[in-house]
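Undergrad: Just so you know, the protein sequences line up as chains A and B, in that order. With this note's numbering applied, the first sequence corresponds to residues 1 to 135, in that order. With this note's numbering applied, the second sequence corresponds to residues 1 to 135, in that order.
In short, the hints are calculated from the structure, not lab data. Among the hints, a few may not be true.
Claimed, not checked - On the chain A side, residues computed to face chain B include the following (Cβ under 7 Å): (1) PHE2; (2) PRO37; (3) LEU40; (4) VAL51; (5) TRP52; (6) GLU74; (7) GLY75; (8) PHE76; (9) ILE93; (10) THR95; (11) GLY98; (12) LYS99; (13) MET100; (14) PHE123.
Stated by the list, open to error - Examples of chain B residues toward chain A, derived with CB under 7 Å: (15) PHE10; (16) GLN29; (17) TYR32; (18) ILE93; (19) THR95; (20) GLY98; (21) PHE123.
By construction, the Cβ of each residue, glycine as well, lies at the ideal position given by its N, Cα and C atoms.
Number of protein chains: 2
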Amino acid sequence: MFKRIHHINFVVRDLEHAVAQYENLTGVQFEYIEEHPTRLVKTARIKLSEVWLVLVQPMDMDSVPGRVLEQQGEGFFLISYMVDDIVAAIAAIKTHGGKMIDDKPRKGISNWYVADLDTSSSFGVMTQICQEIDE
Amino acid sequence: MFKRIHHINFVVRDLEHAVAQYENLTGVQFEYIEEHPTRLVKTARIKLSEVWLVLVQPMDMDSVPGRVLEQQGEGFFLISYMVDDIVAAIAAIKTHGGKMIDDKPRKGISNWYVADLDTSSSFGVMTQICQEIDE
Numbered sequence: 001m002f003k004r005i006h007h008i009n010f011v012v013r014d015l016e017h018a019v020a021q022y023e024n025l026t027g028v029q030f031e032y033i034e035e036h037p038t039r040l041v042k043t044a045r046i047k048l049s050e051v052w053l054v055l056v057q058p059m060d061m062d063s064v065p066g067r068v069l070e071q072q073g074e075g076f077f078l079i080s081y082m083v084d085d086i087v088a089a090i091a092a093i094k095t096h097g098g099k100m101i102d103d104k105p106r107k108g109i110s111n112w113y114v115a116d117l118d119t120s121s122s123f124g125v126m127t128q129i130c131q132e133i134d135e
Numbered sequence: 001m002f003k004r005i006h007h008i009n010f011v012v013r014d015l016e017h018a019v020a021q022y023e024n025l026t027g028v029q030f031e032y033i034e035e036h037p038t039r040l041v042k043t044a045r046i047k048l049s050e051v052w053l054v055l056v057q058p059m060d061m062d063s064v065p066g067r068v069l070e071q072q073g074e075g076f077f078l079i080s081y082m083v084d085d086i087v088a089a090i091a092a093i094k095t096h097g098g099k100m101i102d103d104k105p106r107k108g109i110s111n112w113y114v115a116d117l118d119t120s121s122s123f124g125v126m127t128q129i130c131q132e133i134d135e
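With the hints as constraints, model all of the structure from the sequences given.
TA: Have a look at this one:
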């Protein structure tokens, strides 16, 4: 069911600084730098072969990534696995005793529909499933 | 230079439990479960499309993953990017002002040769470069 990693998010304090540092050291250029006012974040993302790397800067500390930044500092935020059918995957995870934070898919950035697992079901790792759905 | 993600490591307290939980929820089976006495860890790994997912259980808390587990609990440990030439990549990172923990490649699991960046050069994320080298 989890065929591949779709994206990995890191939370950063200063997006411009992180992007400049990453581009300088790695020789790769971020493709999209976008604000997402509804999620209270700014993001930069790049597709490294088949996996999106996403840097997230909270614009308001009273948000999920804001609280992660406050509690843990900069670093890993979440890993998101691609599934073919997110509604079926949510049901399957629950059938197998897994606990979801999101019982229904919610809209992420781009055409990504996502649902978060409870970390008790994923040995402490913020884990998500994702399906790309074009309108 | 950083073309794709080679592997992602998570540190876990109980490898057997984490493997069973992951396999149960995701429907994927880990391919290798190995002890690495020189690194004082047990690992389980699976290749999800092109990226290796590695679970690491410290066998001794007086080790790098042991200290991460103690300080942060279970969760993300490191992200490792594939490079074509690890010696050249270390030199390039340093030329661009990056700080390495490992100035020379060290042998990881399998045929992986790795070198860690200092987290000050990677916005707090434990970051590594990796080249597969067959003997």
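Undergrad: It remains to establish, for every hint, whether it holds in the given structure.
TA: Going down the list of hints, with the structure as the test:
1. PHE2: holds, 4 Å
2. PRO37: With a closest approach of 23 Å, the PRO37/A hint is violated.
3. LEU40: Given a least distance of 19 Å, the restraint on LEU40/A is violated.
4. VAL51: Because about 5 Å separates VAL51/A from the closest Cβ in chain B, which is inside the 7 Å limit, the hint holds.
5. TRP52: violated, 10 Å
6. GLU74: holds, 3 Å
7. GLY75: Cβ of GLY75/A sits 4 Å from chain B, so the hint holds.
8. PHE76: For PHE76/A, the interface hint holds, since the closest Cβ of chain B sits about 4 Å away, which is under 7 Å.
9. ILE93: holds, 5 Å
10. THR95: violated, 10 Å
11. GLY98: Holds. Min distance 5 Å.
12. LYS99: violated, 10 Å
13. MET100: Violated - the Cβ of MET100/A stays beyond 7 Å from chain B, reaching only about 10 Å at its closest.
14. PHE123: holds, 4 Å
15. PHE10: holds, 6 Å
16. GLN29: With Cβ-Cβ at 11 Å, over 7 Å, it is violated.
17. TYR32: This hint is violated: TYR32/B lies away from chain A, its Cβ roughly 17 Å from the closest one there, beyond 7 Å.
18. ILE93: holds, 5 Å
19. THR95: violated, 10 Å
20. GLY98: Constraint on GLY98/B satisfied, holds at 5 Å.
21. PHE123: holds, 4 Å
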